[in-house]
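Q: Since the structure of chain A is provided, determine the placement of chain B on it from the hints.
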Amino acid sequence: MNSPGEGNLLEVRDLSLTLGGNTILDNVNMDVKHGHIHALIGPNGAGKTTLIRSIMGGMPHKGTVRFFFGDNGRIGYVPQLLEFDHSVPITVFDFLFLMLRKSPLFLSRRRPMRRKIQEILAATECEHLIDRGVGCLSGGEFRRVLLAQALVPRPELLLLDEPASNVDEVGARHFEQMLILLKQEHGHSILMVSHDMQTIMRIADRVTAINRTVTYDGPPGNLNLSDLFINVRPEMA
Amino acid sequence: MDFIYDIIRGWATAGYLPSIFEHTFMVRGLLAAIIIGPLLGAMGTVVVTKKLSFFTQTIGNAAMSGVAIGLLFGEPIEGTYAGLYGFCLIVALLMTFVKNRSRLSNDTIIGVVLAQVLGIGIIMMIVVTSQFNIHQVEGILFGSLITLNDMDLITLAIASLVVGILFSYNFNRVMLGGFNPILAKARGLSPVFLEYVFVTLMTVVVVASLKLIGALLVLVLIVVPAAGAQNIVSNLRQFVWVSMIFSTISTTFGLLLSGLLPIPSGAVIVLVSSILFYGSLLLKPILSKSGLSQGEV
Chain A
1 MNSPGEGNLL
11 EVRDLSLTLG
21 GNTILDNVNM
31 DVKHGHIHAL
41 IGPNGAGKTT
51 LIRSIMGGMP
61 HKGTVRFFFG
71 DNGRIGYVPQ
81 LLEFDHSVPI
91 TVFDFLFLML
101 RKSPLFLSRR
111 RPMRRKIQEI
121 LAATECEHLI
131 DRGVGCLSGG
141 EFRRVLLAQA
151 LVPRPELLLL
161 DEPASNVDEV
171 GARHFEQMLI
181 LLKQEHGHSI
191 LMVSHDMQTI
201 MRIADRVTAI
211 NRTVTYDGPP
221 GNLNLSDLFI
231 NVRPEMA
Chain B
1001 MDFIYDIIRG
1011 WATAGYLPSI
1021 FEHTFMVRGL
1031 LAAIIIGPLL
1041 GAMGTVVVTK
1051 KLSFFTQTIG
1061 NAAMSGVAIG
1071 LLFGEPIEGT
1081 YAGLYGFCLI
1091 VALLMTFVKN
1101 RSRLSNDTII
1111 GVVLAQVLGI
1121 GIIMMIVVTS
1131 QFNIHQVEGI
1141 LFGSLITLND
1151 MDLITLAIAS
1161 LVVGILFSYN
1171 FNRVMLGGFN
1181 PILAKARGLS
1191 PVFLEYVFVT
1201 LMTVVVVASL
1211 KLIGALLVLV
1221 LIVVPAAGAQ
1231 NIVSNLRQFV
1241 WVSMIFSTIS
1251 TTFGLLLSGL
1261 LPIPSGAVIV
1271 LVSSILFYGS
1281 LLLKPILSKS
1291 GLSQGEV
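Line by line, the protein sequences are chains A and B.
Under the numbering used here, the first residue of the first sequence is numbered 1, with each subsequent residue one higher.
Under the numbering used here, the first residue of the second sequence is numbered 1001, with each subsequent residue one higher.
In case anyone wonders, no lab produced these hints; they're calculated from the structure.
The model shown is predicted, which means the values in this text are computed figures rather than measured ones.
Beta carbons: idealized from backbone N, C-alpha and C, even for Gly.
Treat each hint with caution, since some may be false.
Quick look at which bits of chain A chain B covers, simulated, 3 or more residues with Cβ under 8 Å [claimed, not checked]:
#1 10-20
#2 86-98
Stretch by stretch, here's where chain A covers chain B in the computed footprint (C-beta under 8 Å, at least three residues) [stated by the list, open to error]:
#3 1115-1127
#4 1180-1191
#5 1198-1210
#6 1226-1235
In isolation and in its complexed conformation, chain A is listed as follows (with noise of 0.2 Å):
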């Protein structure tokens, strides 16, 4: 296993992508390393979230996408958006079991799982909201058990899709600190898009910034914000 810092987990090359003739991504090459925590930033519009997806495998594209973990590793993701019908009587509970049993959860007893989705929950401090609506918790409460989720089964990689958006000042240093805790006590290598560059200054290792296409890639502390705004969309020149 490598040390944080080095080796590459995840190569992206030569990335681009089309969509109804518009240049979505464009050449767009980068590295995320072992241990570390790689913020992705870039105004609306970027191709952030697309490029998660293309990581991902959910989108067609040109280029190549290189995991360096075995077959068996996952990714972890984190939806910057999850668009449900909040009326569905399901719980937190509900919510884990589906994701990780196949035994139907109608037909299954729920006390042996219960112990063990509560000690998941536990990792995003979270447990007690074991027995709550999915649709009553509030924007960081959500975060933390969408996190929960993406570390089960242990994942080589943690793909957040702008994970403190929709979350109060409070939630985001809440949500910030458990990255860190994750990063730092249990190894986990996480790939971030975000906006927040105070975050980003606190906590990135690396940063790269795309406007469809790569504009800065080093650490956060030599970013200018100028980096994000060349290569400007010509339509928004």
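A: Coordinates of chain B only, in the frame set by chain A:
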């Protein structure tokens, strides 16, 4: 089959069941109601979650064309199985294909197909039979216990068993795909494939239950028990079980009432189902106060 009918008729003769169950057609109806009730209730929870209510109605409406196609290919009017299952499955899969391949919303696709398949079905029926027989049409649209035969019951039992097993096996994945496709995809599932699986299973059950409930009313029995359950439950497990109970009460009591009143079974089943729905609405504030239901969930 006669052995089972004799046992149930014996219970009616002995006074354990209403005397109406001394008639074989009512016994068949009772068995059909007990078989199909729980399955429709359970599948209704996914239909409601995936917002497929009117999709189900379209399958029911397609039944008219299915019957006409069956007749065209020489099937007897009392058992146009190939035409019914074949056409309804084609319509269901085609709609799912178009939904996943085009930019049209589900709502628009259903709007386009919903009335078409019924209208075309009636035209085909008239062309095929060279007459307009209102009783044939009524039986398909509203259900007809009298025409429910042994073959229908066996088909219903086999279809329900197979669908029940496959539905249970895929329940978690289908429900997760319905709740949020992006997350399901991130878990390595294919929400599109799961949708095809669920739509196929649902079509088989809808078609199998047509003679009991009817094409126009089958939607109600899938959606209303689940909607009623949604009013009073606080988790997914309760959601499925309460919906199954509501649905089974609706089919069995509805059947009993249809035996006592000169009304098609489907219509009374819908009536019982609606009473349960409004009852659950009245129960909701009481359960919320007592903490048994989360109300907002």
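Q: With a C-beta cutoff of 8 Å, work out whether three or more residues of the segment 1180-1191 of chain B approach chain A closely enough for the coverage to hold.
A: With 7 residues in contact (Cβ-Cβ under 8 Å with chain A), the coverage given for the segment 1180-1191 of chain B holds.
Q: According to a criterion of three or more residues whose C-beta lies within less than 8 Å of a C-beta of chain A, is the segment 1198-1210 of chain B covered?
A: violated (count 0)
Q: Cut-off 8 Å, C-beta pairs, minimum 3 residues; does the coverage of the segment 86-98 of chain A by chain B stand?
A: holds (count 10)
Q: Examine the segment 1115-1127 of chain B: at least three residues should have C-beta closer than 8 Å to a C-beta of chain A.
A: As far as the segment 1115-1127 of chain B goes, the hint is violated, because 0 residues have Cβ atoms under 8 Å from chain A.
Q: Quick one: see if chain B covers the segment 10-20 of chain A, three-plus residues with Cβ-Cβ under 8 Å.
A: Violated - the segment 10-20 of chain A has 0 residues with a Cβ nearer than 8 Å to chain B, which falls short of three.
Q: Please verify the coverage claim for the segment 1226-1235 of chain B: does it have three or more residues whose C-beta sits within 8 Å of some C-beta in chain A?
A: holds (count 4)
Hint compliance for this structure: hints 1, 3 and 5 are broken, all remaining hints hold.
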